[in-house]
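These two chains come separately, so use the hints to put the complex back together.
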Amino acid sequence: MRMPRAATFVRSGLLLLVIFPLLAVAHGERAQQANTRMRTINWYDVEFSPRAVQIGEEVRISGHFRTSGFWPPQIPSVEGQVFLNAGTAGPNFIRVSSTIDGVSMVQSTALELGRDYTFEMVLKARRPGRIHVHPVLSVKDAGGMVGPGRWIEVTGDPANFENEVTTMFGRVADLETFNLGTVATWHIIWFVIGGAWLAYWLRQRPLFIPRLRQVEAAEADSGDGDAVISGQDRRVAVAFLIGTLIVVAVGFQWAERMYPVTTPLRTARVTVPAKAAAEPLIEVQLQSARYRIPGRSFEMDLEVTNRTPKPLRLTEFSTANIRFINDRALTVQPEDSHDLVAPHGLRVDGDLLQPGESRRMEVYAEDALWETQRLVHMINDPDSIIAGLLFFDAEDGAREIVEIGGPMLPVFH
Amino acid sequence: MNKALSRRLELQVDFAILIAIVFALAGATSFVLAVTMGDWEYWVDWKDRRFWPLIPAVLLIIFPAGLSAAFWARFRLPIACTSVVLLYTGIRWFSTYLNFHVFAGYPVSFVWPSVFIPLAIVLDCTLLITRSVFLTGLFGAFLWGVLLYPANWPMLAAFHEPVDYRGELLTVADLLGYEYIRTGLPEYVRMVERSVLRTFGDAVVPLTAVFAGFLCTLSYYAWWGIGSVLNRQIWLKKI
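Chains as they are written, first to last, in our numbering: chain A, 113 to 525; chain B, 150 to 388.
Hints are computed from structural coordinates only; laboratory data are not their basis.
Built from N, CA and C at the ideal position, the CB exists for glycine as well.
Wrong hints could be hidden among the right ones.
Computed spacing ranges between beta-carbons, pair by pair [as the list claims (entries may be wrong)]:
no., chain 1, residue 1, chain 2, residue 2, range
1, B, 187, A, 420, 24 to 34 Å
2, B, 176, A, 442, 26 to 36 Å
3, B, 187, A, 413, 20 to 30 Å
4, A, 385, B, 340, 22 to 32 Å
5, B, 247, A, 524, 46 to 56 Å
6, B, 242, A, 344, 47 to 57 Å
7, B, 187, A, 445, 21 to 31 Å
8, B, 242, A, 276, 42 to 52 Å
9, B, 377, A, 274, 51 to 61 Å
10, B, 247, A, 345, 31 to 41 Å
Bound conformation, chain B alone (with noise of 0.2 Å):
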C-alpha cells in the first residue's frame, strides 16, 4: 500500500472515530443523564447546597472514565473527559435553547446548563501528568467532585441573592420557579436542601463537595473498570 492511500485511510478512520464518538457518546450521554439528573441541571431553583453539587458531579463522570479508559490503554489520549463534557455541553445548550425557550417558552436565565469543562480538563490533564489510574482517581476525579460548586458559582450566585417578595424572603431563583409556571413540577417536587438538625457548622457546601469527590473517586475507578472490560480487543488482533 503507497503512502498516500494509506495517510488517506487513517484520516477516514479518525473521520469515523469522532464521528462515532459525537453521535453515540454525546447521545448516549445526554439521554443518561436527563433521565437521572436532568431536573438540577434543566432549573436553576434546583441548583442547591447538597444535592446539585453532589448528583450531577457523580452520574456524569460515566462516560469520561469508562472512554478514558479505552482511549488511554489504546491510544494514550487524555481527551475523553474533555470531549464528552464538551459534547454534553454543547447538546444541553441546544436542549435548552430549542426545547426550552423556544418551544417550551422558558427564559435561557431559569434553565441555563451547568458548567462541567473544568472539571474534564483537570481530570484529563491529572491522567497525563500522572499516568496512574490509580492516581487520577485519587486527585482528579476527587478534584472533579469537589470544584463543581466552585466552578459554577459566578453564574450561579447572583440567583441566589435574595428578595423581599411581598414579605417573603427568597431567592432570585425561587422566584423564577415560583413565577414561571410550571404546571407538572410543583414546589414540593424539588429535592433541595432542607434545613436538618444534622448539621456541621453550616459547612454545607464544602461537606458536600468532599463527599462528591469521594463518591466521584470510587465511580471514577468503577467505570474505569467497566470501559477496561468493554475495551478488550477481541476480534481484530492487530491493525
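Isolated chain A (complex conformation) (with noise of 0.2 Å):
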C-alpha cells in the first residue's frame, strides 16, 4: 500500500509543478563555480537608466568591466571571441545600439585580458513586465559571463510596438511582421498542392489492404508489382513535376526581379583598438586570503604600497558581482532586491594610506551573500584561487582600480 500512495504523492507533486510553476526569473548568474565567477569578468559601475519606461522607450545600460588576469587557463577566454549580450528572458527589448570602448557590438569580437572596458548598450522596450535585465559578455566555448542585473518596470500596450527599417533600397518595413504575407503566401501554394498530390493517391477508399492485395496479386501474375500502376497516375505524376519546378522557376525569377541586389549574411569579426595598461599608481599584493566558513567571512592580508600624492581610502571589495562596502567611507544601497550590495560588508584593519606609505592591511569581506551567491562553494573547487577588484578611493574622487588574485585557504572552525 505504501509504494501507490508513494507514486500518487510524487504523480501530485509532479502535476501541481506543471499547473503552478514557479516564476524562473534568474538567468543563471549563480550557477557557475564561484571561482569561476570571481576569475572571468569584474564588472562595475553598471548602471541602468531609466527603471521605468513604456513601451517604444529606450533603456540605457552602461559601465565598466575588467577582463580578469586570473583567468582560469582552463576557461576559454575573451582572447578568442566575445559577443556583449543582454540577459533577459526573451525578446521583452530590442537591441537598438551596443557598443565596448566605442565601437559597435553588432557582431562578435575578441579583447584583452587584465584590461578595463567601457560598454553601453541601448534596449527599447517592446513588452510590458517587471523584466530582470543584465549585461551580459559571451565568451565562445565558454558561457555567459552575466554582470549584475536589474529590475526595469515596463508599462504599455505591445500591440503599439513598431520596428521600422529602411533599406538601402528605401523600402520600409516594419520587422515585426517584415516579408509575412510572402512566406504565408508561398507556404499556402506548397501546401495547396502537396495536398493536391495527397488527395490523388488517397481518394480511394478504402486505400491500402485493397493496393497491397493489388501488388501482391500483380507480382504474382507478372512478376512486376508496378503493373498496379495506370497510365492516368504517370501523366498526372509528369504533371506534378513538371509544374512544381514551373512554380519554383517562376518563384525564383520573381524574387530576383523584386530584389536584385541582396547581399550575405554578415559575420566579420570587430576589433576594438588595443590601449596600453596603465601603469598602476598603487600597488598590491595579496598574502594570504582565507574563508572562515562559520562567520562568512573572507579575509586578505595584503602588502599595499601608495605611489600617489594623495591619501588614499579602501572603499570597495567586487568579486563576482558582489560588492563589499566599507561603510566608514563610502553610503552605498542596494538599488533593488537583487542588486548584490553589501553596505556594510568591508572592514578594513587602517583602511587610509598616505602617499608613499607601504604596509600590509588586513581585510575583511562579511556578509551572507558569500553564502546565497553560492561563492562559499570556493572552498569546492578544485584549484580554490581567487580574484576581485579592489577600489582606493582618494578624497577628490579620483580612483584607483586594483585586480588581487590568489589561492584561497578555507578556515573551518
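Have a look at this one:
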C-alpha cells in the first residue's frame, strides 16, 4: 500500500509543478563555479537608466568591466571570441545599439585579458512586465559571463510597438511583421499543391489493404508490382513534376526581379583598439586569503604601496558582482532586491593609506551574500583561486582600481 | 466475411495506418530534425548560402526515403515524401507560432519554417515516373538537394536586402538577429558562411546546391536500404 501512495504523492507533486510553475526570474548567474565567477569578468559602475519605461522607450545600460588577469587557463577566454549580450527572458526589449570602448558590437570581437573596458547598450522596451535585465559577455566555448542585473518596469500596450527599418533600396518595413505575407503565401501555395498530390492518391477508400492485394497479385501474375500503376497515374505525376519545377522557377525569377541586389549574412569580427594598460599607481600584493566558513568572512592579508601624491582609502571590494562596501568611507545601498551590495560588508584594518606609504593591510569581506550567492562553494572548487577588484578612493574623487588574486585557504572552525 | 464488414475493416486499417504515420512520423521527424538542424530552421539569420541549403536537405531526407521503401514495396504508393514533409511543415508552423511567437515572443518573420514541400513532390513524382530506386536517387534526390535554395528564395530574398545600420552593412536578417535578443545564442554561435580563400568564382550557392544534391543522392540510397530492411515481413506472412 505504501508504494501506490508514494507514487500518487509524487505524481500529484509533479502535476502541481506543471499547473502552478514557480516563476523563473534568474539567468543562471549563480550556477557557475564560484572561482570562475570571481576570475573572469568583474563588472563595475554598471548603471541602468531609466528603470521604468513605456513600450517603445529606451533603456541605457552602461558601465565598465575588467577582464581578469587571473582568468583560469582551462576556460576559453575573451582573447578568443566574445559577444556583448543582454540577459533577459526573451525579446522583451530589442537591442538598439551596443558598444565596447565605442566600437559597435553588432558582431563578435576579441578582447585582452587584464584590461578595463567601457560598455554601453541601448535597449528599447517591447513587451510589458517587470523584467530583470543583465549585461552579459558571452565567451565562445566558455559561456555567458553575467553582469549585475536590475528590474525594469515596462508598461504600455505591446500592440503599439513598431520596429521600422529602411533598406538601402528605400523599402520601409516593420520588422515585427517583415515579409510575413510573402512567407505565408508561398507556404499556402505549396500546401495546396502538396495536398492535391496526396488527395489524388488517397481518394480511393479503402486504400491500403486493397492496394497491398493488388500489388501482391500483380507480382504473382507477372512478377512486376508496377503493373498496378496506371497510365493516368503516370500522366498526373508528370504534370505535378513539371508544374512543381515551373512554380519553383517562376518564384525564383520573381524574387530575383523584386530583390535584384542582396548580400550574404554578415559574419565579420570587429576589433576593439588595443590600449596600453595604465601603470598602476597603487601596488597591492595578496599575501594570503582565508575564507572563515562559520562567520562567512573572507579575510585578506594585503601588502599595499600608495604611489600617488594623495591619501587613498580602501572603499570597496568587488568580486562575482558582489560589492562589499567600507561604510566608514562610502555609503551605498542596494537599488533593488537583486542588487548584490553589502553596505557594511567591508572591514579594513587601517583603511587610509598616505602618499608613499607601504604597509600590510588586513581586510575582511563579510556578509551572508557569500552564502546566498553560492560563493562559499569556492571551497569545493578544484583550484580554490580567487580574484576581485579593490577600489581605493581619494578625497577629490580620484579612484584607483586594482585587481588582486591568489590562492584561498578555507577555515573550517 | 461479407463485403460490407470487409470494407469496414479495411477502412479501419486505413485509419490506423494514417494515425500511426501522423503521430509516429511527424513526432519522430520533428524531434530528429529539431536536434540536428534546428537552428537553421528556427532563425532567419541562420539561413545562409553555405550550410542551410546543405544540412537541412541532407537530414530531412531520412524519413521520406525510409518510408518510401515501405510504401513503394508494399503499396506502390508514391506519397511517403510528401506526407512526411507536409506533416513536418505543419508541425513546424504550429511550433513556430506557439513556442517561438506566443510563448517566447519572437516575431514570426524571424522564425518562419523553410519550404520543403516541392522537394518532396519532385521526389515522389520521380519515383512513380521512373519506378526505379536507382534513377529516383540519381535524379529525384539530387533535385531534392538542388531545389531547396531556389524554392525558398522567394521568401528569403527580402531578408537579404542590405541595410545601412548606423554605418554598418547588415542584411535585414542580421538586423533581426541583432535586435531580437537571444541570451543563449550569441552571434558567434551561428554556423553560417564565412569568408574563406577557397572560392569558385563567388558561386557559393550553386556549389552548395550541387554538393547537397550529391549527398542527398547517397543519403536517399542509404535510408531507402534501411527502410527496406525494417520493412521485411517477418511476423505476418499473408493478409
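Tested hints:
1. Roughly 55 Å separates the CB atoms of residue 187 of chain B and residue 420 of chain A, a value that falls outside the hinted 24 to 34 Å.
2. Separated by about 59 Å at the C-beta atoms, residue 176 of chain B and residue 442 of chain A break the suggested range of 26 to 36 Å.
3. The hinted range of 20 to 30 Å is not satisfied by residue 187 of chain B and residue 413 of chain A, whose Cβ atoms lie roughly 52 Å apart.
4. Checked against the given bound of 22 to 32 Å, the beta carbons of residue 385 of chain A and residue 340 of chain B, roughly 29 Å apart, stay inside it.
5. A hinted range of 46 to 56 Å for the beta carbons of residue 247 of chain B and residue 524 of chain A is consistent with their spacing of about 52 Å.
6. At about 33 Å, the CB distance of residue 242 of chain B to residue 344 of chain A disagrees with the hint of 47 to 57 Å.
7. Between residue 187 of chain B and residue 445 of chain A, the C-beta spacing of about 45 Å breaks the proposed range 21 to 31 Å.
8. With their beta carbons about 26 Å apart, residue 242 of chain B and residue 276 of chain A fall outside the hinted range of 42 to 52 Å.
9. Against the hinted window of 51 to 61 Å, the Cβ-Cβ separation of residue 377 of chain B and residue 274 of chain A comes to about 55 Å, which satisfies the hint.
10. Between residue 247 of chain B and residue 345 of chain A, the C-beta spacing of about 38 Å keeps the proposed range 31 to 41 Å intact.
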